[in-house]
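**Q** Protein chains in written order, with full-length UniProt numbering: chain C, 1 to 451; chain P, 1 to 451.
It cannot be assumed that every hint is accurate.
Copies of the same chain are indistinguishable here, so a pair counts whether it falls within one copy or spans any two.
To be verified - In silico BS3-like cross-links for lysine-lysine, where the CA-CA straight-line distance does not exceed 27 Å:
#, residue 1, residue 2
1, Lys196, Lys151
2, Lys229, Lys94
3, Lys285, Lys19
4, Lys416, Lys19
5, Lys19, Lys113
6, Lys19, Lys229
7, Lys229, Lys51
8, Lys113, Lys94
Don't read these hints as lab results, they were simulated from the structure.
2 protein chains.
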Amino acid sequence: MRDEEKYTNLEEQLLYLQKLLDEEDTAALSELFTELDILATARTLESFPTKTRDRLWEFIPETLLGEVLAEVDEDIRADYIEDLSASDVEQIVKGLDAQEVAEVLDVADEEIKTTVYASLDQEIRAQVENLHSYEDDVVGRYMDPETVNVKQGVSLEAVQRYIRIHHLLDDESQQIMITDKDKRLLGTLTLIDLIKQPQESVVDEYMDVPFTLNDQMKVSEAAALLRSKELPFVPVCDSDGLLVGQLNAADVLEITQDDADMTLKHMSGVSDEEEVFTPILRSAKSRGIWLGINLLTAFLAAFVIGQFEEVLDQIVALAILMPVVASMGGIAGSQTLTVVIRGLALGQLAGNNKQWLYNKELWVGMSNGLVWALVVGGISYLWFNDPLITLVITLAIFVNMSLANLSGVLIPLVLKRFQIDPALSGAVILTTVTDVVGFLSFLGLATVIIL
Amino acid sequence: MRDEEKYTNLEEQLLYLQKLLDEEDTAALSELFTELDILATARTLESFPTKTRDRLWEFIPETLLGEVLAEVDEDIRADYIEDLSASDVEQIVKGLDAQEVAEVLDVADEEIKTTVYASLDQEIRAQVENLHSYEDDVVGRYMDPETVNVKQGVSLEAVQRYIRIHHLLDDESQQIMITDKDKRLLGTLTLIDLIKQPQESVVDEYMDVPFTLNDQMKVSEAAALLRSKELPFVPVCDSDGLLVGQLNAADVLEITQDDADMTLKHMSGVSDEEEVFTPILRSAKSRGIWLGINLLTAFLAAFVIGQFEEVLDQIVALAILMPVVASMGGIAGSQTLTVVIRGLALGQLAGNNKQWLYNKELWVGMSNGLVWALVVGGISYLWFNDPLITLVITLAIFVNMSLANLSGVLIPLVLKRFQIDPALSGAVILTTVTDVVGFLSFLGLATVIIL
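One chain only, chain C, in its complex shape (with noise of 0.2 Å):
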């Protein structure tokens, strides 16, 4: 019963610990924690506010604490080491391998890193330097350094034992690397291979030729050629050929799922961090440097519409459909934004399929920009029965979401061009398009058609 409480869904889970928490059920949280997964643990960390998070971290098995840190958004982490000695981080870096004990480390002051480094075994501690080595967007910071190697000529029979007087492969290996002396990756065997191939036979005859990353490869970009290869773990090879480490895809792959979530929080004005249950204060922060953005853009299109003022004055029906021009130009522009950083995010966009896009999005907004221009036309007619108005209108709109959907493709291939992420100011710079756009032609078609 109790298991299937816990199990059924993350939502479930989360119910029956507020129970627990409001009962003060200490030892059946204590009991919870001892049978989650560090995973289970960690997501489940994730999903509480921060006062209520600080009360369940006591309740982590003190073994596990370490794993589960490892596992945790890096905030949450940073949060729990910042009130930690440099003894603490020490007793919790203990057993853990060296990818976990960067990623722990990753987020200390420098202080505790040097302690917590000297009290480390040297095999450990040399990985978790190499680790350190590398910048933080390429292969080599997130690689497993240790991996299970055997020499060319071995029988398959040979490689078995020899792992199984060495308890090697951990639950993270999946092939076995054969490399010559010089540790230079020759071929990689699966373990369905190791296990289903004639156990005579020599490692030589089933190795594949490894698809291999370089370690200073910049991990958005392995992360696109890995979406097209069906490899649980890859290799990693220095600049030299020599082996240094093996990836595990689903790591890299995590990290392109974050994009497309990523694209959504930048191109909605939160940043990357922000979760449900980041703190208020925090919240507000992030939050406000992108409203304050908005405001020269609300500005700017403000000062645009008050270079119309005598129109304006004139003309009140002007003021009411004003919002309906500059809302279809937006709504048309960042459908086509949002397209157009997706193909760019999956490598899509390359060579003759830009010319073949601009064409696209011009005939879709052209087409959609008849038609729903000549729909707001009939409506505004039958509104203020007004010819010049409607022509205004169905004018204004038509130019307006046409430009909307070039706009669309260009702002994010330019901003491409320049380095800029796509998704974090496209947004903004589109609205900004769409809104001036929108007020300057139709405002600006009203003072030469109506005045």
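Chain C is fixed; fit chain P onto it per the hints.
**A** Using the frame of chain C, we list chain P on its own:
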């Protein structure tokens, strides 16, 4: 050299392909597709407009065609299958496993489906029919019906020999299922343990208590569960507890990945299926629907403004400042909406957390509202030098931003209760609310205070 060219990244690969197409170098094209693996071929096809894609299909080796079809986006698969005869499809599905056949037949019409069913070998056919008997949003639809099953009490050595003799373990197997004579699942054994543990010991000693999924569970629910487990493959059981297949967690997590992508698209008014290379007509149509819905809300806002003709007619500054109020409320609301929708998708919002969230967003809304209301008020005063207009816009921004944040929480939670996807309609409802509240408070206050 040529290998380098192909593998550096998708973008360069696309350029290389375009070059070959331009030069009509059919030999190199055929060679390229022979060397690319299935996933890479699928991703490449997805990265071209329909016309170019139709040319590329010819260069894909016939033996790979079926697997490539099973891998590409559903839309593209449907487009390709549409033009084929039943005997073409029969040819294509030859040699595919049940999962792949099911994918391909999913997009075929009933007549072709029936003909191809009849041509399948009996075992595959039974498996395909079983997969098709599931709804397309449940786990059973996406599982691999083939698993490697052994009985209790067997030694590891015997399991290895059994696998070799019967040529078991396909590329996707990662675990051995231990079942009783009724196929009830008793435990699972990883390939790692099968290799590294003493070979004379029996499977019982090293088998794990399996975490299983029910075949009727919703895929989205399964994805939420698997996010907190480190399991590459999960056994699937029916409601009697009998083993019916295994689920590749990566397949399901791709759906969660798509989830952020889908949210992004929905919030920007783009349909799920739309990609950069969706043909013009299809894009225009699917975006048109959203533009139509938006038009209703834009006219609702215009109608609200229309109620205040009198005050607008007298004070033109109001028309100029109107968009600022709506825009600040819109941004503040969509920041909140985005965070809440992601929280809902991750299953983080349950019980007390909701109350906490209302409080948080009200505070964030009010504090940011206060700050930016004062800033806007200050700028407006400098611009129009009118204390009453300043008072009106300051109050209106404060009210609109505070309510916008509350609506950002309330709207998705209410939609979710009514089983409506909050990403799909949340953004448009929210904009309607912030526009209407913004114009109503701004122009309403102006009428009361100034007139």
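**Q** None of the hints should be skipped; say for each whether it holds.
**A** The hints, checked one at a time:
In this homomeric assembly, lysine 196 and lysine 151 come within 27 Å of each other (Cα to Cα) both inside a single copy, at 20 Å, and across copies, at 19 Å. Only between protomers do lysine 229 and lysine 94 lie at most 27 Å apart by alpha-carbon distance; the minimum there is 23 Å, versus 35 Å within a single protomer. Taking the closest pair of Cα atoms, lysine 285 and lysine 19 never come within 27 Å of each other, the shortest separation being 32 Å inside a single copy and 49 Å across copies. For the identical chains of this complex, lysine 416 and lysine 19 are inter-copy neighbours only, at 23 Å across copies versus 49 Å inside a copy, given an alpha-carbon limit of 27 Å.
For the homomeric pair lysine 19 and lysine 113, neither the shortest alpha-carbon distance inside one copy (38 Å) nor that between copies (51 Å) is at most 27 Å. Within a single copy, lysine 19 and lysine 229 get their C-alpha atoms only as close as 44 Å, which misses the 27 Å cut-off; across copies the closest is 23 Å, which meets it. Taking CA atoms no more than 27 Å apart as the test, lysine 229 paired with lysine 51 passes between copies only; the shortest distance there is 25 Å, against 42 Å inside one copy. For the identical chains of this complex, lysine 113 and lysine 94 are intra-copy neighbours only, at 14 Å inside a copy versus 59 Å across copies, given an alpha-carbon limit of 27 Å.
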